[in-house]
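Here is what each chain is made of, one letter per residue.
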Amino acid sequence: MTTDASAISAAAPSPNASGGPARSLRRSFRFGDAMLGLVCRGSAAIIALMLGALVLVLLTSAMPAIKQFGLGFLVSSEWRVNELERPLKDAAGQVVMEDGEIVMETIKPAFGALPVIYGTAMSSLIALAIAVPLSFGAALFLVRVAPTLRIAGPLSFLIEFLAAIPSLAYGIWGLFVLAPFLQSHVGPAIKATLENVPGLRWMFYESVTIAGTVVERPIPITGRDMLCGSLVLAIMILPIVTSVSRDVLKAVPRTQIEGTLALGATWWQSCVAMLRYGRSGLFGAVMLGLARAAGETMAITMVIGNNNQINPSPFAPAQTMASLLANEFAEASEGLHQASLLYVALVLLVMSLLFNVIARRLVVGKASPAGH
Amino acid sequence: MASARFETRRLTSDAMFGVCAACAAVIVTLLLLVSGYLVFIGAGAINLSFFTDVPTGDVAQPGGMRHAIEGTLILLALAAAIGVPLGVASGVYLSEYSHEWLFASPMRFIADVLTGVPSIVVGILGYELVVVPVSRWTSNSVSFSGYAGAAALAFIMIPIVARTTEEMLRLVPKTYREGSLALGASKAQTVLRVVLPSAFGSISTGIMLAIARVAGETAPLLFTALGSRLLTRDPSEPFPSLTLQIYTYATGPYPEQKNLAWAGILVLLAILFVVNLLIRVVASRHAATRMGKS
Chain A
1 MTTDASAISA AAPSPNASGG PARSLRRSFR FGDAMLGLVC RGSAAIIALM
51 LGALVLVLLT SAMPAIKQFG LGFLVSSEWR VNELERPLKD AAGQVVMEDG
101 EIVMETIKPA FGALPVIYGT AMSSLIALAI AVPLSFGAAL FLVRVAPTLR
151 IAGPLSFLIE FLAAIPSLAY GIWGLFVLAP FLQSHVGPAI KATLENVPGL
201 RWMFYESVTI AGTVVERPIP ITGRDMLCGS LVLAIMILPI VTSVSRDVLK
251 AVPRTQIEGT LALGATWWQS CVAMLRYGRS GLFGAVMLGL ARAAGETMAI
301 TMVIGNNNQI NPSPFAPAQT MASLLANEFA EASEGLHQAS LLYVALVLLV
351 MSLLFNVIAR RLVVGKASPA GH
Chain B
1001 MASARFETRR LTSDAMFGVC AACAAVIVTL LLLVSGYLVF IGAGAINLSF
1051 FTDVPTGDVA QPGGMRHAIE GTLILLALAA AIGVPLGVAS GVYLSEYSHE
1101 WLFASPMRFI ADVLTGVPSI VVGILGYELV VVPVSRWTSN SVSFSGYAGA
1151 AALAFIMIPI VARTTEEMLR LVPKTYREGS LALGASKAQT VLRVVLPSAF
1201 GSISTGIMLA IARVAGETAP LLFTALGSRL LTRDPSEPFP SLTLQIYTYA
1251 TGPYPEQKNL AWAGILVLLA ILFVVNLLIR VVASRHAATR MGKS
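As they're listed, the protein sequences go chains A and B. For what it's worth, the numbering used here labels the leading residue of the first sequence as 1, then goes sequentially. For what it's worth, the numbering used here labels the leading residue of the second sequence as 1001, then goes sequentially.
I should point out that these hints are in silico values taken from the structure, not numbers from a laboratory. The C-beta atom is built at its ideal place from N, Cα and C for all residues, glycine as well. Keep in mind that the hints are not guaranteed to be accurate.
[What the hints assert, rightly or not] Quick list of in silico lysine to any residue cross-link-like pairs, SDA-like style, CA-CA up to 25 angstroms: (1) K250/A / L1171/B; (2) K108/A / D90/A; (3) K1174/B / R279/A; (4) K250/A / M1016/B; (5) K250/A / E1100/B; (6) K250/A / G1116/B; (7) K191/A / I221/A; (8) K67/A / T1029/B; (9) K67/A / A1022/B; (10) K250/A / K191/A; (11) K1174/B / R41/A; (12) K67/A / E1100/B; (13) K250/A / A1022/B; (14) K1174/B / L1277/B; (15) K250/A / P1133/B.
[Unchecked claim] Each pair of labels, with its calculated beta carbon distance range: (16) L1277/B / R254/A: 48 to 56 angstroms; (17) S333/A / L1073/B: 31 to 39 angstroms; (18) R276/A / R1233/B: 55 to 63 angstroms.
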């Protein structure tokens, strides 16, 4: 119970309430309390101001783009930074001539976020598909097996330290080690095996329109593509998903496990019961991983190839919201381009806040009481 | 029949046990592979001039990263100077004034939410909130500055420090507060002389963790500090940072600079490892003394 101290000191019977020293003491009490309250409340208010500033600044600076494109921004896949001039064509597809000169039309710059939303969603989902089963398996091992082998401590320290490695380090590893390896070994091997499988041609070929005709050409395997980005993301979120799901599983009451074992369940069946018991917390761990993957910037910028187009192939370069911001924001001219980038930033912010709120609700509700 | 079913169950269980062990093994190998590679190549690229020299401008002999190391230290000091007092004070509020729940619990929620803001968005906020207004004020074209970078880092630090401070203060037994108040101490005296000192060790651990977290950040600095190849100590100028310099070198075309990037990553990892180890040691010693006391 935190009682207000000034109330106590005021209520306390003082032998010389009218005397000098006691009164000045009490005044200094009140002054100190007031100052502490002011400083603490002020600092806490700054936290609220920070969130307010974040939303407000992004909203106002993105306003030109929001006004221009509205919500259509989210489903448009055009991203033309500069004005484009091209010959005007009539309804029949013929170039319009006037006085022997080709009439040109100007296409205004246009911006749409669909390619980066696709890139973010796709890379995060692939990363989760790889990382989540591995993390759950490892978390079960850490909770059920590692303590008996006395390796839970070192393993946990390792995983927590690896969670602290900055994304720049993963990016450099991805750029200089993983990407060349994918380019020289994995990519060609997959291509050789799957190229002639019917229905998988889209993975290795893309259709482009060159001079009016549609040409199908092979996608060059560069190693810096959606596959590499997703793999690096998967490795990056492994530590966090593992350690959170370990905490969630640790919080499963011992009686639950013992109960299933007493009913004759095998080791694995009792594990399934554990997973079921902690399912909302585990879902929270997945959401935390998703939030991390979606907001990840440096590593993904270095390995995903940075091509602002939707291509379903895992061997095509792509772009995420964060990598688009990292690549273009510094060079963006003020105006619609910058406003559109800020619109993307706003979408990214709202999305990751949403994931975080859901994750925290789920994890804190389940794991915290036993976790501490 | 029944024994056959039991046999299947047992086999499935054994198989899944193997799968779980394999998952743990795969994760540990993968992560060791990554960090081992970073350490191995970095160790081959590092030498004394990395710490003592500044960039030369000659791509074949790019010099060292002294400017970037100093820059990062200055940025961290500035960020901590802003972030630590604000973070600790809000943490004190969240813990010691939690009876004001109408204000305290939304603040706690907001602090939680803020820890999940993508760092690139923080960088953009720093640009819009510090760089652009300062440019208008001084009528410079664009005034990227160390101050803007430090502000962005502080933005990331404050919610982390606030939440860890709160958690640590909540571990201080209530009897300490009650005893202090019963002896006639004011609330301010109780908080400043009893509660905060008894959680000092764990709070400083939380602060170290927050500093370690922002030490590896690159994205918030891209549009705020911008990076620099000069040995500057004036934070009102574009400011060098280890992470920015590593990023520039790693994505650039020159092999000698890429070498430097590897060395830089090694230095960064070494710093983070030492900090993490220190935190663990301090935390366990603190836990031991706490156990002894109670």
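Structure-based check of each hint:
1. At most 25 angstroms may separate the alpha-carbon atoms for a hinted pair to count; K250/A and L1171/B meet this at roughly 21 angstroms.
2. Taken as a hint, the K108/A and D90/A pair is honoured in the structure, with Cα atoms around 19 angstroms apart against an allowance of 25 angstroms.
3. Proximity of K1174/B to R279/A is assessed by CA-CA distance (about 34 angstroms); at most 25 angstroms being required, the pair is judged violated.
4. Pair hint K250/A plus M1016/B holds up; C-alpha atoms about 19 angstroms apart against a cutoff of 25 angstroms.
5. Annotation: proposed proximity of K250/A to E1100/B is violated, straight-line Cα distance about 33 angstroms (limit 25 angstroms).
6. At roughly 24 angstroms between alpha-carbon atoms, K250/A and G1116/B fall within 25 angstroms of each other, so this suggested pair holds.
7. Between K191/A and I221/A the CA atoms are separated by roughly 9 angstroms; this keeps the pair inside 25 angstroms, and the hint holds.
8. Using a Cα cut-off of 25 angstroms, the hinted pair K67/A and T1029/B is violated, with the two alpha carbons roughly 50 angstroms apart.
9. A threshold of 25 angstroms between alpha carbons decides the hint, and for K67/A with A1022/B the separation of about 53 angstroms lies outside it, so the pair is violated.
10. At most 25 angstroms may separate the alpha-carbon atoms for a hinted pair to count; K250/A and K191/A exceed this at roughly 43 angstroms.
11. For the suggested pair K1174/B and R41/A, the alpha carbons sit about 21 angstroms apart, so the restraint of at most 25 angstroms is met.
12. For the hint linking K67/A to E1100/B, the alpha-carbon distance of about 40 angstroms lies beyond 25 angstroms, and the restraint is violated.
13. Restraint check for K250/A and A1022/B: the C-alpha separation of about 20 angstroms stays at or below 25 angstroms, so the hint holds.
14. The suggested pairing of K1174/B with L1277/B is violated, with an alpha-carbon distance near 31 angstroms, which exceeds 25 angstroms.
15. As the CA atoms of K250/A and P1133/B are separated by approximately 49 angstroms, the hinted pair breaks the 25 angstroms bound.
16. Look at L1277/B against R254/A: about 32 angstroms separates their beta carbons, and that is not inside 48 to 56 angstroms.
17. Between S333/A and L1073/B, the C-beta spacing of about 35 angstroms keeps the proposed range 31 to 39 angstroms intact.
18. About 58 angstroms separates the C-beta atoms of R276/A and R1233/B, a value consistent with the hinted range of 55 to 63 angstroms.
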